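Student: Combine the two chains into a complex, taking the hints into account.
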Amino acid sequence: MSEFTYIIIFYVFAALTVFSAAFVVFSKNVIYSAFSLLFTFFGVAALYVFLSADFIAVTQVVVYVGGILVLLLFGVMFTNTIMQTELRTDVLHVVPGFILLVAIIAGMLYTFYTTGDWMPGDMQLQGSVVERIGFETMSRYMLPFEMASILLLVALVGAAFLARFDKVHKKEH
Amino acid sequence: MELFTAIGLNHFLTISAILFGLGLFAVMTRKNAIVILMGVELILNAANINFLAFSKYNGGMEGVMFSLFVIVLAAAEAAIALAIVINIFKTFKTVDVSSVDSMKE
Chain A
1 MSEFTYIIIF YVFAALTVFS AAFVVFSKNV IYSAFSLLFT FFGVAALYVF
51 LSADFIAVTQ VVVYVGGILV LLLFGVMFTN TIMQTELRTD VLHVVPGFIL
101 LVAIIAGMLY TFYTTGDWMP GDMQLQGSVV ERIGFETMSR YMLPFEMASI
151 LLLVALVGAA FLARFDKVHK KEH
Chain B
174 MELFTAIGLN HFLTISAILF GLGLFAVMTR KNAIVILMGV ELILNAANIN
224 FLAFSKYNGG MEGVMFSLFV IVLAAAEAAI ALAIVINIFK TFKTVDVSSV
274 DSMKE
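In order, the protein sequence lines correspond to chains A and B. Per the working numbering, residue 1 is the first one in the first sequence, and the count goes up by one each step. Per the working numbering, residue 174 is the first one in the second sequence, and the count goes up by one each step.
Simulated from the structure, these hints should not be mistaken for lab results. These numbers come from a predicted model, not from an experiment. One or more hints might be untrue.
Below, in silico cross-link-like pairs of lysine-lysine (DSS-like), each with a Cα-Cα straight-line distance of 30 Å or less [unchecked claim]:
| hint | chain 1 | residue 1 | chain 2 | residue 2 |
| --- | --- | --- | --- | --- |
| 1 | B | Lys-266 | A | Lys-28 |
| 2 | B | Lys-204 | B | Lys-266 |
| 3 | A | Lys-28 | B | Lys-204 |
| 4 | A | Lys-28 | B | Lys-263 |
| 5 | B | Lys-263 | B | Lys-204 |
Bound-form chain B, shown alone (with noise of 0.2 Å):
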């Protein structure tokens, strides 16, 4: 019961990796380059969360402020990413990362 009842680091790493695991088969099991993105997202998420926790019971500012770095940075990613998609739209016709095979028209 002690497990259950004492929210301590060992339930914030569990929450991270089952959504580690679940961004990583979005990205190997989808074909949707969006729905690939999001599984990118919740992998990142998933790493910010484990930053957090080893900061709050560690005390130091560290985690802190490269989690926020990490947000930055995943806005930036989303924006060139979806430019990126958008181009393979209109070169393929379609976001589907299986059939884009080729590096020119």
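With the rest of the complex left out, here is chain A (with noise of 0.2 Å):
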């Protein structure tokens, strides 16, 4: 591939990714906003391949956009009455985090364009990354690579818990 199609191509997937991004801060319906979001996790997902890191992209696809996005659009639905027509929401503060959006924006520009070169090192990460992420879990992360089994057995049995149907409190009233 030339490195002229390579430029294109990143700046074709930066562009999708910020401006879906925005899209979903700025619009007022929910559902453009979570349809939206679906645009931001695939460009991300690009960037990451283009860091070489083939694997957490496929990792983002599946998790985000196949179980993340879902959940956050059965939480739009379960909240929303579905007959209901309009699914706004209202907005608070808007010229203070506007303020706030373009300083944060700015200052960290300002950091990284002027705290001097990075220097990359001798030893990028170049072609797949697959097998050494096997190597890696298996040897130096395999404490924190458990304890994640162990956190999301945790979490996915406490959400479980807190959504379920409560009868009692149904007969309560």
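Tutor: What follows is the structure, encoded as structure tokens:
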């Protein structure tokens, strides 16, 4: 792939990510926000591929698009009556929020671009990273890996417990 | 021109700064709890881009492994948070976080 194509594709995905994220934030309709988030997640996954983290990109698509986004859409559907025509959300503190948005982005960019040049290491990640993730998971990150499985089990049991249908509560009323 | 054609660390840092700002804006200004969750997801994605960018240009595996764990925790966080949001909706009949102002019914 030529260098020029590479740059064009990078900018296409960067623009997709940023503009769909802006649409998530500024759209008044919750459903539009949720579907725009889909494009943000895909754009971010594409950026992960540019960072030669292909496994993370696939995980991003599977977990975020297949899991979290579906959960968010379920949340939207549960907490708004379906027949309700407008799923709009109000906003508050728009002006301070906007000032903070501009200040944070400007401050971070200023810091990134003025604290001298970043010095890339001699050994940059190249090609696929899947094999090295396998080695790292089974050696250095064994304990966090096992703890993540326990945490997921506990979190999902807790979520099911919290969101269950409360029969006793219904009888009282 | 060099700034725009040589894709380097700064490009990824810029995207992640913008994503972080937008996520924070959503968390600050929105009243709907679910849109606030979406803002949190944007912030987590921004952090992940930073981890992977530094990991790529450093050559180490730490950022890659950390971003993997961030994704796992984000899944757990979304499940718990939505359970809480559904409970709030059952109790208050709304997900407007500015009208949720009591600890019990």
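Student: If you check each hint against the structure, which ones fail?
Tutor: none
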